[in-house]
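**Q** Sequence:
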Amino acid sequence: MFIKVSHVSGLEQNKPTHIEVEGVDLVLLGTGSKISLFESRCPHQGAFLHEGAVRNGALVCRAHGWAFDADTGVCRGKQSTALASIPLRIEGDDILADSEAVRALADRRKTEGRSSETAGSVIHAQRTVDDLPGPVGLPVLGNAHQINLEQLHVTMENWHEQYGSFFKFRILRQNAIAVAHPHLIRMVLRERPHNFRRISSIESVFQEMHAQGLFSVEKEEWRYQRRIVAQALNARQIRLFFPKMQQITERLMRRWSRASEEGRVVDVQEDLMRYTVDVTSNLSFNYDMNTVEKEGDVIQDHLEHVFPMISRRVNSAVPYWRYFKFQRDRDLDKALVALKDIIDDIIDKSRERLKQNGGNVEAGNLVEAMLQLQETEGAITNDAIFGNVFSLLIAGEDTTANTMVWILHFLSSRLEVFKRMQEEADEVLGESDVLPDMETANRLVYHDAVINEALRLKPVASIWPMEACSDVVMDGVAVPAGTPVFLLTRIPTLVDENGTPAPEFDPERWLRRDASTTHFDNVMVPFGAGPRLCPGRSLSLLEIRAVMSMVSRRFELELSTDGPPVGERFAFTLIPTNVRLRFKERIKYRSGPRFSAPTAESVRLGA
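Heads up: the sequence shown runs through residues 108 to 714, numbered per my numbering.
Errors might be hidden in some of the hints.
Claimed, not checked - Calculated cross-link-like contacts (lysine to any residue; reagent style SDA-like; alpha-carbon spacing at most 25 Å):
(1) 526 <-> 445
(2) 122 <-> 337
(3) 441 <-> 412
(4) 185 <-> 171
(5) 691 <-> 377
(6) 122 <-> 192
(7) 691 <-> 533
(8) 691 <-> 482
(9) 122 <-> 186
(10) 401 <-> 354
(11) 441 <-> 408
(12) 111 <-> 211
(13) 447 <-> 325
(14) 326 <-> 482
(15) 326 <-> 130
(16) 401 <-> 377
(17) 401 <-> 445
(18) 432 <-> 448
(19) 141 <-> 165
(20) 526 <-> 358
(21) 432 <-> 678
Don't read these hints as lab results, they were simulated from the structure.
Assemble the whole structure, with the sequences as input and the hints as a guide.
**A** This is the structure in structure tokens:
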């Protein structure tokens, strides 16, 4: 039986289109005179192919660059791997798909396609969670008394040293497991949202804050919101936005130039959070906060209360704040009120712009897209609009900014690495102080190696609190539905392919393209993996390239030794502390031996 799935007239050439048939994600492609329909889950790590791009006759996965022939679905360079193809019929303007083939694909993915780690019945599992090794707990408390939430990563990594890559612990009466083996980490991320989800306390905490957005929602609501957010952050929108990003980068450059002239030490985390908030608000909301050029009370003063408190509440053994509040909880309440006022203003201005244009213009950003859907479909609530603005602000600010802070920290103590970055920036940027265009970013090969190495050593998402949403088998262990599963994603990145510790900051490893590089490519998940791969990945990497190339071009770096030593704390992400630098204007590289840049094929950014 063939069923209608789309229209020929509505199909854009060389643009992947998402089609969902009977709960199966498919990607529809029109290339030349041919129309094809394939499964939309990349066989590598399960990312959505409809969020990729068509280049040189191939559908390219945005996660790791796997390319599938747009006509046949065969993976280029891996002839034994191919996408499942669904037969089509064209009747007039209607595109019809074979529903039996779709059902067969769905059945196959539930059995053969599922990873071997979760295949089989829980009844026939070899072990239970209780059989796993783990720290000894106390009656009633379990291991809760051993956990300092701001050093959760240290506790987990210490337990890993003692109990291995798959261990249990207990919070009150609740069993939880921690996983540091890369194949199990990939399996959990790949099998979202059906078998695993974010830990359910995330959803309840965001609900209490009336801030449910893409970050916290699950299942069908997630699917619906993912489509909207991914479209707002796609390659076309980022390309249109790039001139504004140049302007924001120049503002940051001027801010640090003033600090250089005045001899001031710079709190780089604070400044980079200003930068990332300005980028996110401009791209996603068409709202120029311009916090980089402001002093005093800015939105970051409110945002800085949010992520640490979300982390504390998500990982708290008891939801104490529902019964009494500490000062930090009252500070969170005040911050949420202030943020709601700011976000409501963003939404009101967007609604007014649409009203002035009669609502008939193409949405230019996320807020406008959601407001238009609210008018036409009624499926988006005011809370959902607020929640997605809120989620993008906190996620876009914290993770990208902290990654850049770690990079600058490494560079301040590895000046020979920074010198090579400066040489590359001089060669690639020419007379410009900032990236002149997006194509130039792809020539920053050594910068990309440095970025990858920082993501390897200091992935800001070093712990992923997940939860089994059905009974599953993990490596022969029966894991009941509702069991918290903590993914310790940093641990696999700190050893090489032979299991030898690799704690050194060595960007050169990404230029060698040997077995070591392949190993780290496979174990690193700085932006997640599978269908919930971070939709802001491309934007984040472009921000990092823009700032790092600007710093390389304009400044010398010096780590300030005043104050406490550099450290790290866990507040849902891994946050650097006490990173304070001096920026000094440099004499631009104009003559002498030209930099021998590595080839653009040397590094695949973002692992």
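**Q** Decide, hint by hint, whether the structure agrees.
**A** For each hint, the structure was consulted:
1. 526 <-> 445: Violated: residue 526 and residue 445 sit about 43 Å apart, past 25 Å.
2. 122 <-> 337: Holds - the C-alpha atoms of residue 337 and residue 122 are around 14 Å apart, at most 25 Å.
3. 441 <-> 412: The given pair, whose Cα atoms are some 9 Å apart, holds under the 25 Å limit.
4. 185 <-> 171: It holds: about 14 Å lies between the C-alpha atoms, which stays within 25 Å.
5. 691 <-> 377: 19 Å, holds
6. 122 <-> 192: 17 Å, holds
7. 691 <-> 533: 17 Å, holds
8. 691 <-> 482: The hint is violated at about 52 Å.
9. 122 <-> 186: 23 Å, holds
10. 401 <-> 354: Distance of about 15 Å is within 25 Å: holds.
11. 441 <-> 408: 11 Å, holds
12. 111 <-> 211: Holds - the C-alpha atoms of residue 211 and residue 111 are around 18 Å apart, at most 25 Å.
13. 447 <-> 325: 23 Å, holds
14. 326 <-> 482: The given pair, whose Cα atoms are some 23 Å apart, holds under the 25 Å limit.
15. 326 <-> 130: 11 Å, holds
16. 401 <-> 377: 12 Å, holds
17. 401 <-> 445: 18 Å, holds
18. 432 <-> 448: Answer holds: residue 432 to residue 448 is near 23 Å, not above 25 Å.
19. 141 <-> 165: 13 Å, holds
20. 526 <-> 358: The given pair, whose Cα atoms are some 24 Å apart, holds under the 25 Å limit.
21. 432 <-> 678: 19 Å, holds
Going through the hint list in order, the structure does not satisfy hints 1 and 8.
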